[in-house]
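Asker: Below are the chains, spelled out letter by letter.
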Amino acid sequence: MVDLTKLRQTAKEVISREDVRELIGYRPGTYGFRARPAFVMGLDEVEQLMFTPACVNNLASYIVLEEKLPVKRGEEPDLRKVAVMVKGCDSRALVQQMEEKAYDRDRILVLGIPCRGVVDMAKVEARFPNILELGEIGLEGDKFVLSFNGNKEEVAKEELVADKCLRCRYPTPLVYDQLLDAEVERFADDDYADIEELGKRSAEDKWTYWEEKFSRCIRCFSCRNVCPMCYCEDCVLGRLQPQWMRRSVDISENTAYHIARAYHLAGRCIQCGECQRVCPVDIPLMELNRKFYKDVEELYDYEPGTNVENPPLLSTFKVEDREDFIM
Amino acid sequence: MAVKRLSKEKVADALGELSKFRLIAPAKSDDVVVFKQISDPAEACLDYGNSTVPPKKFAFPQTETLFRFVTGSPELEEKNVEEEGTTIIFGLRPCDARAMAIVDKLFAWDFDDPYYLKRRELTTLVGMACVEPPSVNCFCTSLGGSPFGTEGLDLLLTDMGDHYLVQALTDKGKKLEETLSSQLEGAAADDEKKAKEIAAEAEGKIRRSIATGGIPEKLPGLWENELWKKISAACLGCGICTFLCPTCHCFDIQDEVEELGEGRRCRMWDSCMFEEYTVHASGHNPRPTRKERTRNRINHKYSYYPDKFDVIACVGCGRCINLCPVNIDILDILDQVVDAS
Amino acid sequence: MKNPYIPYQVNIIDAWYEAPGERCIKTFKVTFADEKLWDTWSHLPGQCAMVGTPGVGESMFCISSSPTEKGYLRFSIMKAGMNTSALHELEAGDSLFIRGPLGNSFPVEEWKGKNVVTIGGGIGQAPLRPVIQWIRDNRSDYGELELVYGARTSEDHCFKAEFEEIGQSGDCECHLSIDVEEEKWPHFVGFVPSLLMEVAPKPDNTIAVTCGPPVMINFVLQNLEKLGFTPEQVYTTLENRMKCGIGKCGRCNVGHLYVCKDGPVFSYAQLKEIPEAFA
Amino acid sequence: MAEKTDSDFEPNIVAFLCNWCSYAGADLAGTSRISYPSNVRVIRVMCSGRVNPLFVMNALQEGADGVLISGCHPGDCHYMHGNYYARRRFNLMRNFLEYLGVEPDRVRMSWVSASEGAKWKEVIEEVVGGIKEIGPMDQFRRRHLNW
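Residue numbers (the numbering used here), protein chains in the order written: chain A, 111 to 437; chain B, 1342 to 1682; chain C, 80 to 358; chain D, 225 to 371.
Some hints here could point you the wrong way.
Said to hold, decoys possible - Pairs of lysine to any residue residues, derived as SDA-like cross-links and limited to a Cα-Cα distance of at most 20 Å, are as follows:
#, chain 1, residue 1, chain 2, residue 2
1, B, Lys1571, A, Phe149
2, A, Lys310, D, Lys343
3, C, Lys105, C, Pro186
4, C, Lys351, B, Val1472
5, B, Lys1516, B, Glu1423
6, A, Lys211, A, Asp287
7, B, Lys1546, B, Gly1485
8, A, Lys233, B, Ser1370
9, A, Lys233, A, Lys211
10, A, Lys404, D, Glu322
11, C, Lys81, B, Ala1353
12, A, Lys191, A, Thr162
13, A, Lys182, C, Phe298
14, B, Lys1535, B, Phe1452
15, B, Lys1546, B, His1625
16, C, Lys158, A, Glu268
17, C, Lys239, C, Arg215
18, B, Lys1535, B, Gly1545
19, B, Lys1446, B, Glu1462
20, B, Lys1571, A, Leu175
21, B, Lys1559, C, His167
22, A, Lys191, A, Glu128
23, A, Lys316, D, Asp362
24, A, Lys178, C, Ala358
25, D, Lys343, D, Glu286
26, C, Lys239, C, Arg102
27, B, Lys1632, A, Gln351
28, A, Lys182, B, Ser1370
29, A, Lys182, B, Gly1624
30, B, Lys1349, B, Ser1370
31, C, Lys115, B, Glu1416
32, C, Lys158, A, Gln351
33, B, Lys1369, A, Arg326
34, A, Lys178, B, His1625
35, A, Lys267, A, Ser257
36, B, Lys1446, C, Lys81
37, B, Lys1570, A, Leu153
38, B, Lys1446, C, His335
Keep in mind the hints are simulated off the structure, nothing from the lab. Quick caveat: nothing in here was measured; it's all calculated off a predicted structure.
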């Protein structure tokens, strides 16, 4: 577990630096076990910072979500660094963003948090419903320890941990300026069992499965907006001319949306699972992303978000790439 | 008005009777509770908190055709809402019904919106009182609602353990009660008293609250306050809070052309949190960042709407709090508004 | 009651370009395909209509003809987005669809007996044109009429021929300007706010109506204040992205006012209270 | 499903052909009077690398029962590498559509050079035959006449 005193001390040092504009971290949420992003601009705000397994958000999204208004005449653009706290999975988003040259390495200051897993808040709230007062979640060995209302409950890790953590290959950040805790060895991997199982079913079965999921979609765009890799200023899916996807919501347009969203993440998705976490109607979006992840790995031996020097998958090729599907 | 009983064994029967109309009831799609049209009573799931997507979509569909056309032809074929027929929304929560009553004011403001109003006329709302609050973030009592509220409803059901207490509230409700005459039975003498006790207890279980008095008057003065910047810092600009809000009613209108120049003009939900919402053809956007959009959302609900229609456009259902990906909490915002100077 | 989302078909009697360029302006003179509609149609200066073609969309434009001009409606439209580009393809003989009249109007009845000065810039003259025409057609009801108008170049001037005719008619005084010096330009060179200071209309018993790009409006409002106009004496029109035009779809609000329904005409006294009005 | 195997089903196939090889190849088939099924609607693009996967998605939405992307043989691309990029893209796209329950043979890719008029015929026959077997595309086609 990250030591809070150390975390806040580091944050103080970072925010005091002249070349740092703000620090993006976590702070307690407004109720129950929730945590939320914190945007720290001054020393007086440092004390709210924390890190626990409730800190599910991928803060790398905020690096590319920043809204840049035109600089007013006579004003200089603010070129100071943004400091950001990242878990292992989140750090891969930074790597992939930089691989795509979204910004330069010296624009950001990375505080890495080696991570043994975060909770799936839906599982927590199903297990402990109606907790309004702020509670805390810790991870001790292979148990989550939840304290609330003066109670302390221990729950086996696998019961509350987020699914993505059970497949996590990179618990220690791949890019950082400072590491806030000791490195964590890889403790899990993805065997794609569910993807393979679904893949083996008949076309009709598969479509029935997805049709039900996609027909629930309300196109709130939360999966797109939360994604650290969806940072086009002008999203192709929002355009009216040419219009790839109509704004009306039905199974055809919803499917088009999900195909386009997932495809645009082919060879780019870094498995942080944020899209699936935020989906209000529980569409298993990671099953789409992981399909691509698996194919990309098997066909092109490529793993996104692992090396800044890698060229992006779809803007490169090998002469010997497979072509057994071509007539 | 005399109250009736619906024993739980006869619920399936009653739903079967109602399915001769267009019957909407809560059902499960995987683990998500959605309101949908059901034909088989077994599909209905009455043991639920509240649906993720509010039932507003049956008065104000996410996408609906206004009229069809053939390009180049002067003939426009108007959508006939009447064809959808009598609709029963069974088991919606009092807050969602109250939300419809609030949105009715907007759709009848000066220009009648024929699609919405016709659908409302065709729809009977059968409410299900919240004996237990559906979520920890319910705060309906702060906004003049109640877990047993009847505003907007035609019929209210209360779970009394082995049966539901049935109260008809309007003529439409009475008519429905007649339809169900063979499933309903007379209530016991103390049923109503018991229901009142349960109601009082249920109100006590609502744990979140906000004193709304003064907020509508105060908001305009906080226009330049830095709280908006702070609140919106974490906002992703997605549409969860607005699409899942039972009172949000903004829409976009789009033309869709098909093969051979046939097409339709339709409207679909839109969200003030989207960038495209206000952007001009010139590219200029009067609300350029999420700060302005967040400010507009809160102001619209808590200041502009009460200014026009004398009622806050929020019913305290808690959906936006439960499902916001970054825990932006409207009660937290309102607390800040109250504290701000 | 009629469905407010269903548009009327109108036929284009005449169409011509007012100004060239990438953002060219085209004027359409239209009449209802169903002539009987004229019996029920009535609008006032400043009111708007949704104009478009099914299959493309519709957008809000002010009706740039005065109700005193019988038998046709006029729209002057600048090419900016998808819908306006499609409208620009249309010629006399084609038809398009309109919904309206929508929104409020200039309180021309209240202005009776007063002097009126209009200050326009670029396409902003379109909503002012019906005011001018209305006053000319009810000349004895109003005091003096003064017209201040500017555009980037002389080519960009809308309603050129009309200005000449108005100037000669003696109905009103025309003050024209362009932003940069051109050969053979007999009038003022400079921005509209400066021209306004040059003309310096007297505020006594006078109404000022202004419309144009936001930057211009800002300075015009400041200058009118300097000239002694009170906020109640100054009127302007706003515009925002609109979809329904009838106060339902939500997007066009500035503060608690819907531009489509409470507007588009506002007095400066109203707008001063709304910080979003000139965003 | 009975209707799917209807023998009178004539599929609509959208074919994106690169300007330099496949389009010329199809042209050659025409001038050589090689007859092939007429189910194909050809869209000429400058390079198979120009074909955006969204084109395929939109074609399937708009009523195509199958899509063919055809370009130059590897090494022959007029723009050096366009077809290599396309190869990666559509391998992934095919696999993904299959995963969603869209039969993979609805989206095909071929290399047809300017001199391969006969191969063009073979490709088309195979594509049309394959799709006739699968039946009409009905997964996420736009249902036009919905109110």
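Asker: Can the restraint linking B:Lys1349 and B:Ser1370 be considered satisfied, given a maximum Cα separation of 20 Å?
Answerer: violated (23 Å)
Asker: Hint check: B:Lys1559 vs C:His167, CA-CA at most 20 Å. Holds or violated?
Answerer: Answer violated: B:Lys1559 to C:His167 is near 46 Å, above 20 Å.
Asker: Going straight from one Cα to the other, do B:Lys1632 and A:Gln351 come out at no more than 20 Å?
Answerer: Given pair B:Lys1632, A:Gln351 is violated - Cα atoms ~27 Å apart, limit 20 Å.
Asker: Hint check: B:Lys1446 vs C:His335, CA-CA at most 20 Å. Holds or violated?
Answerer: holds (16 Å)
Asker: Given the hinted pair A:Lys233 and A:Lys211, is their alpha-carbon gap at most 20 Å?
Answerer: The hint is violated at about 37 Å.
Asker: Is the straight-line distance between the alpha-carbon of C:Lys239 and that of C:Arg102 20 Å or less?
Answerer: holds (17 Å)
Asker: For a C-alpha distance cap of 20 Å, please report whether A:Lys191 and A:Thr162 respect it.
Answerer: Given that 20 Å is the threshold and the Cα spacing comes to 25 Å, the pair is violated.
Asker: Does A:Lys178 pair with C:Ala358 here, judged by a C-alpha cut-off of 20 Å?
Answerer: holds (17 Å)
Asker: Hinted pair, alpha-carbon criterion (20 Å max): B:Lys1571, A:Phe149. Please report holds or violated.
Answerer: holds (8 Å)
Asker: Straight-line Cα separation of C:Lys81 and B:Ala1353 no greater than 20 Å?
Answerer: violated (42 Å)
Asker: Taken at face value, is the distance from the CA of C:Phe298 to the CA of A:Lys182 at most 20 Å?
Answerer: holds (18 Å)
Asker: Would the pair A:Lys191 and A:Glu128 pass a check requiring their Cα atoms to be no farther apart than 20 Å?
Answerer: Holds, because 9 Å separates the two Cα atoms, which is no more than 20 Å.
When each numbered hint is compared with the structure, violations occur for hints 2, 3, 4, 9, 11, 12, 14, 15, 16, 21, 25, 27, 28 and 30.
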